[in-house]
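If you want the building blocks of each chain, they are given just below.
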Amino acid sequence: MEFIFFSASLFLLFVATLHYLLFLVYRNPVVPRVARFSLFLALAAQGGFFLVRTLGGGMPLGTSLYESLIFFSWCIVLCYLLLTLKYKIPVLGAFVIPMAFILSAAAALLPNKGTGEIPPALKSYWLFIHVPLSFLGDAMFVLAFGAGVMYLLQEKQLKSKKPGVLYHRLPSLEVLDSINYRALTIGFPLLTLGIITGSIWAQYAWGAYWQWDPKETWSLITWLIYAAVLHGRLTVGWRGRKAAVFSIVGFAAVLFTFFGVNLILKGLHSYN
Amino acid sequence: MEILLVGLSHKTAPVDIREKVSFSERNIGEGIRALVECPNVHEGTILSTCNRVEVFAAVSRKELEAARREIAGFLAHFHNVPLTELEPHLYFRSGEASVAHVFRVASSLDSMMVGEPQILGQIKEAYNLAARERATGEILNRLFHKAFSVAKRVRTETRIAACAVSISFAAVELAKKIFGELEGKTVMLIGAGEMAELAARHLVGSGVGRVVVVNRTLERAIALASAFTGEAASLDELEDRLAGADIVISSTGAPGFVIDREMVHRVLKKRKNRPMFLIDIAVPRDIDPTANDIGNVYVYDIDDLEGVVQANIKARTQEAAKAEEIIAGEVRQFLDWRRSREAFPTIVKLRSWAEEVRRAEVEKTMKKIGNLSDADAKRIEALTETILNKILHPPVSRLKRAAHRGEDGDLNEMVRKLFDLDE
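Note that the protein sequences, when read in sequence, are chains Z and C. Take the first sequence: its letter number 140 is residue 140 in our numbering, and every next letter is one higher. Counting from 1 along the second sequence, just add 272 to a position and that's the residue number in our numbering.
Next up, chain Z with everything else stripped away, as it sits in the complex (with noise of 0.2 Å):
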């Protein structure tokens, strides 16, 4: 059964991901709409693997590499469901869903797809406040990367003088600062409570709210560069290149963070 919802929704997301690229050439608005209905299949085929394993084992949130890597995805989805809600800008969807499809595809790869193992210390209830707070704060961070790129792009057309297929198909500067801008606003406040919840969490688990675990490090890193443009961007303008550039360093970090502190760099957070 949560074989069958995962290969559903990495079909699905596949069939988006698909459509979305194919709108960046194809101007048919039937395009569009396929890739936006099979993203809701996507998102509820996710959230019945996910049923699931919690039926069946208790707290799959994140304690394993493959579902880290499925749950992820599934932020994404939802986080850019949601905001194109206000901006209904299906070529976003060509920045962003790749990767979410992509999260998914390597959670397919991987060779351990179990739940993993928790020590008993971390058997808590935090588990469901730290980790979807973390994540949903990742994703916001993955939507303002693709606005970033996708500002980026547009801005040498501008600047190059010599507008060629994509400064048509790409919308406008000040809607791609704001899209970039609105998800850091919901995404550093998320990323604040994961980084507070976490703490806590660790108060009680290990009886310290600190201790310098590689993936604190990086995760307060990541905090620092996103406090550092919105802090920018609020006092002296930091808009547009700018903005855009730092979210595009941010979202290294938090790839790093999350793939980099686990593969490389070996600590409390790093998974079976």
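Just so you know, not all the hints are guaranteed correct.
Computed spacing ranges between beta-carbons, pair by pair [to be verified]:
id: 1; chain 1: C; residue 1: S669; chain 2: Z; residue 2: L51; range: 50 to 60 Å
id: 2; chain 1: Z; residue 1: G56; chain 2: C; residue 2: D608; range: 53 to 63 Å
id: 3; chain 1: C; residue 1: E491; chain 2: Z; residue 2: A227; range: 32 to 42 Å
id: 4; chain 1: Z; residue 1: P111; chain 2: C; residue 2: A593; range: 49 to 59 Å
id: 5; chain 1: Z; residue 1: A227; chain 2: C; residue 2: M384; range: 51 to 61 Å
id: 6; chain 1: Z; residue 1: S7; chain 2: C; residue 2: G367; range: 46 to 56 Å
id: 7; chain 1: Z; residue 1: R27; chain 2: C; residue 2: A649; range: 57 to 67 Å
id: 8; chain 1: C; residue 1: R604; chain 2: Z; residue 2: A227; range: 58 to 68 Å
id: 9; chain 1: C; residue 1: K292; chain 2: Z; residue 2: Y87; range: 48 to 58 Å
id: 10; chain 1: Z; residue 1: Y26; chain 2: C; residue 2: G367; range: 48 to 58 Å
id: 11; chain 1: C; residue 1: R604; chain 2: Z; residue 2: Y26; range: 16 to 26 Å
id: 12; chain 1: C; residue 1: E657; chain 2: Z; residue 2: L55; range: 46 to 56 Å
id: 13; chain 1: C; residue 1: E509; chain 2: Z; residue 2: Y26; range: 44 to 54 Å
Note that these hints are calculated values from the structure, not bench results. Yeah, the Cβ is synthetic: ideal placement off N, Cα and C, and Gly gets one too.
Put chain C on the given structure of chain Z with help from the hints.
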């Protein structure tokens, strides 16, 4: 029924001919009434713009030639122009070509400025007028509604309408790509040239809220500003005023830069980096082109804009090819609809006649047999139905196939006569 088009356009007639046969708001209603009075015209619509006068009519297929003469005669007679003067400029289209023509006109592919948006509105108006005069029927209604939806498809699926091919429209398009909505934005004119004024007019038409005119002589600035109900300022105030301007159009006759890189730096700081679009249409240039390297500043000079226009013209040709493809598909669909529509009544009549015969005979036989189990009754029904369907299958599918190939006319008539379907 056949769709017939008789008309002339900027492609076939010079303006002195076009103006002689164009209809005005005042006399177009009268024109439509006169048109449908022609004995062979069953439905009619007149499209009259400054670039074309076209008459669309639904006419009987057999009377195509007669209808054609009638409509040409109507145009000449209504406007008191000798037919011989008109005839060399007239074109006629019927069948597939007429459908394709209507779709192309509505999609602005036949316009003098390909992609210009006004033509669709003009066709809608022409159609509504004819509909109000009750001059349109099933065929033209369907044709025009289809034309509107085709035009919409072309607009959303190709970039034909988005490619600005004049410098001032290209400027508006660029501004929209930088600022998104132009509502609430401020445009500043430096110098009071004619071209700057034109570009400003387009920007105001696209929603720009405030206009500031800066000029060496204040009187001239005030005069131009009043045309936009804007504000005027002298050149000394330039830098202060720049901080409030999102779009700047500069066209002074000054020999050096009016706005240099350093000034842009300072102004941008004051604006907290809110983007600026600086358009320099002066020769020699007014704005330091290296200011384009500053973040959130976009400097376009006259050559840059011309380059955008050239790229758009190129893109538009490609887009036009895509649009033609869409239209070809839609034309095919429309013709299929019409053909199956024409064969349809014959098939329905044939089937219902045969069914009537079957029912009557089955009932008669059932009565004679008397006590029949339900299962046996059902078997008799099924048997007779199968016989009927098998016998009717070849003629019905032959009719359908002929309809799709467009050879319906003769076969239809033959079947109707053979089975006395018109009685």
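(message) Flag every earlier hint the structure violates by its number, smallest first.
(response) 3, 10
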